[in-house]
Structure formats: structure tokens, C-alpha cells
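Visitor: Here is how the chains run, residue by residue.
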Amino acid sequence: MRKVAIVGGGATNCGKREASFRDLVQEAGKAMFENVKNISPKDVEALIVGAAQPERFAFQAHVAPLVAEYLGIAPRKVLARTELMCASGQAAIRYAWACVASGMADVAVAFGAEKMYMPDMAEAQTSMTCVLDREWDGINGLSAPPFFAMTAQRHMLDYGTTKEQMALVSVKNRHYSTMNPLAQFQKEVTVEDVFKSPIVAPPLNLFDCSGITDGAAGVVLVPAESAKKYTDAPMYIIGSGQASIGNAINNLASLTEWIPLKLAVEETLRSAKITLKDIDIAELHDCFTISEIMEYEAFGWAKKGRGGKFIENGEPYIGGTIAVNPRGGLLGCGHPLGATAILQALDILQQFRGEVPKERHVGGAEIAVTHNLSGAANVHSILAYSRSVK
Amino acid sequence: MKKVRFEKVKRTETIKLPYMLDFYPLEDEKNTRISQFFNNLKQGRLTTTRCKKCGKVLWPPRIVCPTCFSDELEWIDLGTEGELYAFTEMRLGAPLGFVEDLPFCIGIVRIGGLSISARIDNAKYEDLKIGQKVQLKIVGLDDGRVFYRFDAVKENH
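Quick mapping for you: the protein sequence lines, in order, are chains A and E.
For the first sequence, our numbering gives the first residue as 1, with consecutive numbering after it.
For the second sequence, our numbering gives the first residue as 1, with consecutive numbering after it.
Rather than coming from a laboratory, the hints here were simulated on the basis of the structure.
Treat the numbers as computed from the prediction; the structure is a model and nothing was measured.
Hints may contain errors.
To be verified - Using 27 Å as the maximum straight-line C-alpha spacing, the simulated DSS-like pairs for lysine-lysine come out as follows: (1) A:Lys163 - E:Lys129; (2) E:Lys16 - A:Lys163; (3) E:Lys124 - A:Lys196; (4) A:Lys16 - A:Lys309; (5) E:Lys129 - A:Lys309; (6) A:Lys358 - A:Lys37; (7) A:Lys16 - A:Lys37; (8) A:Lys163 - A:Lys187; (9) E:Lys124 - A:Lys304.
Please build the complete structure, drawing on both the sequences and the hints.
Guide: Below, the structure written as C-alpha cells:
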């Protein structure tokens, strides 16, 4: 297997955009190709497009060739779309990585796009409610907010986690997102602001939840040995982990402990030949405030049940135990499902290159992980990136 | 240049909520091989399948056991009384077909050794407690399809 590098990429501004699915694709494609020298659309041999539900959000299926056409790409090796709901973009990176690592393609693009704002938002919520097993869980109105609300309720009961600790995650991530021009949310929030925001599903308020977001992004992958042809500052994929246990609510390993995430972390550290201490930046999937708290625990930065204390003590800020979501997270940047993991990867690249504002720059960072969960947190996916080839 | 003509056309008539978007499964024997589950519900019985070969209780109900791939499964009763393991109330962001129900409670109910999600009726969020007893209830649509929910059991003090 060949080592693989990401040599550049680009993205749209994210948020409630006055733009169509096709507009978003074109904006991100232009930004991506303008960021990578010596690669034009005709060089792209593999294109993988992460998109969770374009059939429902944009009433468009078969989006991989649509994206290829709008980007001027005519792939000769691999073309496909990946769907893994909230991790659809990470699935795209993984497949593009596999294409290059295996030798199947020398230049691959991992792209992600989601248009989520619709004239009738109940229609968008319908799409979000067929993510869990629709006939047995979705039918009960169980979409992400009520699921994570119950997760939070049990975590609060079993471990003493508080609503204030959860709100502090939103305060942190929306602090960093004010320094990210791509982010959906550009205003700081306080704990009180979180408490005053409308209740979505108790104990979750609106600011405990990531947004409904339009956005698109793409990155270019090549073999590590030729990376310097395209950029002075590539980043390398050095490992990954992914684990899934069960799907319907009854078959989850646990509501309050994300066992599949622990397994994915172990595999990431093993495959990347690193320890937890080697990680300088973690872009974690904070779809809800409780998610990030449980991720501190599953990664092992905080003891089980101590995730709330971890944020209370400021440990996940830059300069603390581990810089978590200096991009602004999903809570600050929004969550355009198929694009999210690509946006995370792109921000790590910019962190390594020193292209992000100083106040959210993790100086001297060498190794980073990006994480996505999907469904009822039954699936967890992680990629590990390094500034230097290992 | 000829004058360009403008003509109004009607948007398609209001569509009633399509079957595949109303969240209820297609339940009869023409559409599923677990129609027995829904027939049992109509008789007030919440049931699931158990593998006759390896004894595993399977939820959701199946036609093949994923442990030993036997297709000899039998229906077992889960009982009619459960206990709340977790609950919340949907207040914002309901999908089509649920908007008029807002707000409504959802819970994870422990029943017959399983933990299943369900609508919890007969209570507001503030009235519910973890560990509270809930009673099986069957709801029916005009077209004959059925599903289960639970009613919160009010405690007598």
C-alpha cells in the first residue's frame, strides 16, 4: 500500500446559503482547484462524493456524475457517491484514500456537499428522521435531537454531568468559530445564551445542537511520494479507525458509553503508531454538546463520567490537555452532512500550514485526528493526519 | 422579434402525505413477511421473534436469525407493562406528519428484556420519571395499519 497525502482543498461558506446544491458544488470546486497548483480537473482519476441525502434535500440522485460534470472532471478510474449519514464526507475521504493507496488512482478528489435548507423545514426534518431504523425508531419521531436528549439525560443521571457543563462546549466551539470565516455562526455565546435559546428536546436547547447547514468542500489526494510536486506543505494520512455496533435502539452497545468509539480510537492509535499524547488537535463530532463530552471520555482524555469536569476545567481549549475543535466544531461551523469531514480535514491542513488566525492556531501541531459519528452514535469513524510523512 | 408568451401553469395538486413518508411500515402479508407482528398488535399483544435453533430473542422481528442464520423463528410475547429507561419531549423540529402532535414525549422502554423506543402518551415531560411504569397501547390509522405506543401509568399517592 502506498502512503497518501492531501495536497490542498477548498470549501464554500457554510450556513443558510442563498444558493442551490449545484451552486455549492461549483463554489467549492473552484476554491479547491485554485488551492492546488499543477492539478487540473482532467488530472483527476477518481472522484468520490460524500452526500447524505441529496434525494430528499435537493431531490437529486446520482450526484457523483453531476458533481463531476460541474467540476469539469471526467473520471477514468473510480466514480462513486458515499453515504454514511453524518460521516458521509469521511467515507468519501476513506474511499479516495484507498483508491490512491492501492494504486488504482494517482489523483483522487474527496468531495462533499449538502443542501439542507428547504422552503418547508418539516420536509428536511422528515429526511433526518429516517436515519435511525425508520420502521422501529423513526416512526416514534426519534430523530437526532430526541435521541441525544435521552443520551444526555442518562449521562446526567449516571455521572452527574450538568446542563452548564454541556453549555460550556457550545461556548468554546462558538468562540473558535468566530475566527473561522467559513463558519455558520459568527457570534460568541454565553452559558446564559444557551439556556435562553429555545428548548428543542429537554435537556437540549437549540444552542446545544449543531445547525441545519448548506455547504460543500473538496480535498485532493495523491501518493505521498509525489505530494511535493503539488504543494510545499502537504499533510499525510497516517491511520484510521472505524467501528459499528448495532443499529436499532435495542441493539446499541450502551447509551452512555460509546464502545464503538473506544474501538475506533484503539485502531486509530494502533494503525498510526501513535499514542494519545501525540495528538495535538482533535476535530471531534460535536453534533450536540453532550457528544463532545462523551468523546473526551471515549478517547481517554477524561475518565469515564468526567467529561463534564474536563470542559469545566478548560482542558479542551488550545493550551489545555488537548485542543478540541479549534475550527469551531459542528456547533460553530454548522453541519452540512456530506461536507463536514472534508471541512475538518481542510482545517487541519490549514492548521499545519499556519493559515488559520493566530487566536485559534495550534502552534507546532504535528498530529491531528478528525472524528465523525453517525446514526444513533452506533458508528464512529476516525482519520489521523500528520504534518510530516511517517 | 416575436413577443414571448407567458402562461400560468398550476403546481401539482396538494399531495397527501405519501405512504413511504408517513413513517408507518407497510404491514400486510403482501408487503412484509413479518405481518404476524402487526396481526398480534391488533389483538393487544406486543411480540417479537425468537430463534428456535439458538434461542436468541431478536428485535426488531426478523425472518432470519443473524446469529445462526436459521429461518425457524417463533413469536413470543413481550408483555404489556414496561419501565422508562430514558425519555424526552419533542418540542421543535418535527418531521411531516408529526407537526400537529407537538409537543410529544418519546422514551426508551424496558420491556420483556428489550430496550425499545416508543411514543409515550398520557403525560407531559414534567410528569415523567425514570423508572416509571408504562402501559402498552395500540394506535390505529384509518387505513387499518397499527403501531404500539405506551401510556404513562399515573402513580397513586
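Visitor: So, for every hint listed, does it hold in this structure?
Guide: Going through the hints against the structure:
1. The hinted pair formed by Lys163 of chain A and Lys129 of chain E meets the criterion: a straight-line CA distance of about 18 Å does not exceed 27 Å.
2. For the hint pairing Lys16 of chain E with Lys163 of chain A, the CA-to-CA distance comes to about 41 Å; that exceeds 27 Å, so the pair is violated.
3. Using a Cα cut-off of 27 Å, the hinted pair Lys124 of chain E and Lys196 of chain A holds, with the two alpha carbons roughly 21 Å apart.
4. Between Lys16 of chain A and Lys309 of chain A the alpha-carbon distance is near 34 Å, which puts this suggested pair outside the 27 Å criterion.
5. Simply put, Lys129 of chain E and Lys309 of chain A have alpha-carbon atoms about 26 Å apart, close enough for the 27 Å limit, and the pair holds.
6. With a CA separation close to 25 Å, the supplied pair Lys358 of chain A and Lys37 of chain A stays within the 27 Å bound.
7. In summary, the hint linking Lys16 of chain A to Lys37 of chain A is not supported, as the alpha carbons are separated by about 31 Å, beyond the 27 Å threshold.
8. Of the supplied pair hints, the one linking Lys163 of chain A and Lys187 of chain A holds, its CA atoms being roughly 21 Å apart against a limit of 27 Å.
9. Restraint check for Lys124 of chain E and Lys304 of chain A: not satisfied, since their Cα atoms lie roughly 32 Å apart, outside the 27 Å limit.
Violation of the numbered hints given earlier is confined to hints 2, 4, 7 and 9; the remaining hints are satisfied by the structure.
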